[in-house]
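Colleague: As given, the protein sequences belong to chains G and B, one line each in that order. Here the first sequence stands for residues -4 to 354, numbered as in our numbering. Here the second sequence stands for residues -4 to 354, numbered as in our numbering.
Hints may be right or wrong, so weigh each one.
[Stated by the list, open to error] Restricting the straight-line Cα-Cα distance to at most 20 Å, the calculated cross-link-like pairs of lysine to any residue (SDA-like) are: (1) Lys325(G) <-> Gly29(B); (2) Lys298(G) <-> Gln313(B); (3) Lys346(G) <-> Tyr294(B); (4) Lys325(B) <-> Gly307(G); (5) Lys325(B) <-> Gln313(G); (6) Lys331(G) <-> Ile293(B); (7) Lys298(G) <-> Gln291(B); (8) Lys325(G) <-> Gln291(B); (9) Lys331(G) <-> Tyr294(B); (10) Lys331(B) <-> Gly307(G); (11) Lys325(G) <-> Ile293(B); (12) Lys305(B) <-> Gly350(G); (13) Lys298(B) <-> Asp316(G); (14) Lys331(G) <-> Asp316(B); (15) Lys346(G) <-> Asn306(B).
None of these hints come from the bench; they were simulated from the model. From a predicted model like this one, the values you see are computed outputs, not experimental measurements.
There are 2 protein chains.
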Amino acid sequence: MSNNFLVIMAGGAGTRFWPCSRSEFPKQFIDFFGVGRSLLQQTFDRFKSFIPVENIFIASNKQYRDLILEQLPELKPSQLLLEPARRNTAPCIAYAMNKIKSINPDANVVISPSDHLILKEDVFKQTILSGLNFSASHDSLLTMGIKPSRPETGYGYIQVEADSNEGDVYKVKTFTEKPNIELAKIFLDSGDFLWNSGMFIWSVKSIEKAFKSYEAELWAKFDVQGKYNTESEQEFIDSMYRTCKNLSIDYAIMEKASNVNVIAADFGWSDLGTWGSLYDLADNKDENQNATLKGQAIYHDAKGNVVSTKNGKVAVIQGVDDLIIVDDEKSLLICKREEEQHIRDWVSEVKDTFGENYI
Amino acid sequence: MSNNFLVIMAGGAGTRFWPCSRSEFPKQFIDFFGVGRSLLQQTFDRFKSFIPVENIFIASNKQYRDLILEQLPELKPSQLLLEPARRNTAPCIAYAMNKIKSINPDANVVISPSDHLILKEDVFKQTILSGLNFSASHDSLLTMGIKPSRPETGYGYIQVEADSNEGDVYKVKTFTEKPNIELAKIFLDSGDFLWNSGMFIWSVKSIEKAFKSYEAELWAKFDVQGKYNTESEQEFIDSMYRTCKNLSIDYAIMEKASNVNVIAADFGWSDLGTWGSLYDLADNKDENQNATLKGQAIYHDAKGNVVSTKNGKVAVIQGVDDLIIVDDEKSLLICKREEEQHIRDWVSEVKDTFGENYI
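The task is simple: from the sequences and hints, build the whole structure.
Modeller: Right under this line is the structure:
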C-alpha cells in the first residue's frame, strides 16, 4: 500500500475568465487549450502515473459533483470531498487530512490546485517525488516554489533563507503578498524569492501538529472518529461545514509555522490566472502576434489579439488591436488586453443587470 | 374571388450579413430585429390583411422549402414555387406569372422582395392598393419607387418624366445603376429620381405581353398548359429550370418596355442591404451611439458600434469604436464599420479555409 496521496482542490468559481469560465462551469472543468482534456483532467493525468488512483481525492463544491464524476470516471464517489459552502482552503484541507488519516495515518499528501498549467511533466514528476521523499522523512510543511523568470506582479512570493538548502529544498523566511512592479524587480534580482504556486506536500502527522498549534478549534471540528468513509460522511460534513470560518491555509498555517520548507522548482508553471498569462504562453501566435486559444480565426489588419471561442467556431477579426475576445454560449466579451483587471467588475454588472445565469 | 395576387421572392442567399445570414439560413428567414418574426414572416403579415392568403405565393430555392412551410404554416405546399437552381428574377417571375395565369388569367400581381423593411405599414397598404387599382385598369408595368431622403450610393435609381403623373403614378424615363456620391447628390437635388425598391405590380396580361415582346423564348418555356397546380408541376420545373438563362427582370423587361410606370412612395423603406443601413435605422442607440440590434450588451468606453448576437446572449464591449460585431452559432465577425464592403471577401476566405458549412 502506497503512503502517497493526492488532494486536488477543484472548488474555485473564478470570474477572471468570464465568459469562458462561469460559476456553473468554472475554469478547471474547461478544455482551455482545446486539447481534449479539461485542466482538472490534465491535473489528474499528470499525477496518476506515480500516485495510485485510489489515493487521489478531489475536494470541491457539492454543485460540481456530477461534473467531476463525468470528467474523471476512474474515481469512485467516495473519492470526492464535497463542500456544502465555500470556506477557502483551510477548512477544506482540514477535512481532507482527517479523511485520509482515517485511511492511512502514515500518509504523505500532495495538495494541488486543479487549474494550473505545467509544461515540463517529467521535471514536475521528479520534483513531486522528491518532495514526497522529503516529507516522509522530515516533520515539515513543504511548498512548491517556482523560480521566477520575470518581475511578475500577479503572484505571491516566498522568500527563502539563503544557503539553507538541502538540494533544492530551502527553509522559508517569509511569504509575501503580490508586489508592485518595483518590488517585483527587486525580488527577481535578489535571487532569494520564488513564486508561490499554492502546491503543498506534507505528512498527515505534520499538518495535524501544525493545525493543533495554530487552528486547533478548526481541526477539532473535523477530527471526529467513525465519520469518514462511511455513509454518514456527507451528512456529517453538511451539518458542520458552514460553521467553519473562511480561512486560507497560507494565513492559517503556512505564514505562522516555523517548519516550512520550499522546493525551488522549474517545471514550466503558470497559474493561468490572467488572459495575459494565456496570451504570453500561446505558442501559435501568427506573424501579427494574434493568439487563437480556442476555435479558429482569420485576421486582417489586426494585431496582438487573444481570441477564444468554441471548438468548431470561426472568427473573422478585422481592424482591431490588442483585444481580448472571448465567446461563450451565452456571453461575448470584447475588451482591451490592458483592461482585464476590470473583468470581474463587468461580471458583477452583468449579474446585476441580466441575472445569475450569465455568471 | 379576388383578382389580387402576391408573389414574395425569397430565394436570396446573401452573404453581406454573414455570419448572421448564412446560405442555409439567409437573411429573409432571420428575425433580424429580435421582434419574434422573420423578415419573410413580416412581409407576409404586411400583405395578408388585404391579399387573400390563398392568393399568396412564395418563390424560392428548393432548399428552403421546409423552412418556408415552418415559418408560414398558413400556406399549403402548392403555394410554394421551388426553383431547382438560381437563375435571378426573370425566370422566377415567368414561372410565377404562368402559374397564376392558370388559376386566374385576370390576376393583378404584386411582386415583393422578402427581406426589406417597411416602417409605415398603413401608407404601404394604401400605396399597394392604389397600385393594384392602377394596374387593373392600365396596360402598364408598375414599379414602386421610393422618394429619396439622402444621396444614397447603395441603391439603383428610377428617373421619372417630370409632370407626367396621374396622382402618385409617374411615367418612367430611365432606370439607372448605383451612382457615385456626386451623381447621387445631383439625383437627389433634381427631384426626378426615386430609389428602385424592386417591388412591382402588373396584370398577368400586361407582363405576358411584355415577355412576349422582349423575352419570348423564356416565356414560352413556362407557357405550357396542364402543368401548373398539378402533381407534375415540380417535375416539369425541375426538368427545365436549369435550361433558363440567368437574367434579372430589370434587364429583361423593365429597362426595355415603354409602358413602365412608377409610384412615388414614402412608406419608410429600407432594403436592409448593409450593416450601415441597419445601424442608421436602429432606434435604440445609447448615448455613445452604440446600437444593439439583437441580444443584449453592456458598453464601456466604446462608441459607434453595431452589435448583433443571439437572443438571450449578453455581450460586454469595452474599449472599441465603430465596429460591426456579429455573433452567430458557428461564426463571429468583428470588423470596422467602414470596411463592411469586404465582408463578402472574408466569407469566401472562410469558405475556402474552413469549408461550406460556415457560409
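Colleague: All the hints need checking, so say for each whether the structure fits it.
Modeller: Now for the hints, and whether the structure bears them out:
This hinted pair checks out: Lys325(G) and Gly29(B) have alpha carbons roughly 16 Å apart, not beyond 20 Å. Between the alpha carbons of Lys298(G) and Gln313(B) the distance comes to roughly 17 Å, so the proposed pair stays at or under 20 Å and holds. Distance restraint check for Lys346(G) and Tyr294(B): the Cα-Cα separation of roughly 15 Å lies within the 20 Å cut-off, and the hinted pair is therefore satisfied. About 7 Å separates the Cα atoms of Lys325(B) and Gly307(G), which keeps this hinted pair within 20 Å; it holds.
Annotation: proposed proximity of Lys325(B) to Gln313(G) holds, straight-line Cα distance about 18 Å (limit 20 Å). With a C-alpha separation of about 15 Å, the suggested pairing of Lys331(G) with Ile293(B) holds against the 20 Å cut-off. Taking the CA atoms of Lys298(G) and Gln291(B), the gap is about 27 Å. The hint is violated against a cut of 20 Å. Our distance criterion of 20 Å between C-alpha atoms is met by Lys325(G) and Gln291(B), whose separation comes to about 10 Å.
A C-alpha spacing of about 13 Å is found between Lys331(G) and Tyr294(B), which places the hinted pair at or below 20 Å, so the restraint holds. Between Lys331(B) and Gly307(G) the CA atoms are separated by roughly 24 Å; this puts the pair beyond 20 Å, and the hint is violated. Of the pairs offered as hints, the one joining Lys325(G) and Ile293(B) holds, with about 14 Å between alpha carbons and a cut-off of 20 Å not exceeded. Only pairs whose Cα atoms come within 20 Å are accepted, and Lys305(B) paired with Gly350(G) is accepted, the gap being roughly 17 Å.
Between Lys298(B) and Asp316(G), the direct Cα distance comes to roughly 16 Å. Compliance with the 20 Å bound is thereby established for this hinted pair. Taking the CA atoms of Lys331(G) and Asp316(B), the gap is about 12 Å. The hint holds against a cut of 20 Å. Our distance criterion of 20 Å between C-alpha atoms is met by Lys346(G) and Asn306(B), whose separation comes to about 17 Å.
This entry does not satisfy hints 7, 10, going by the numbered hints stated previously.
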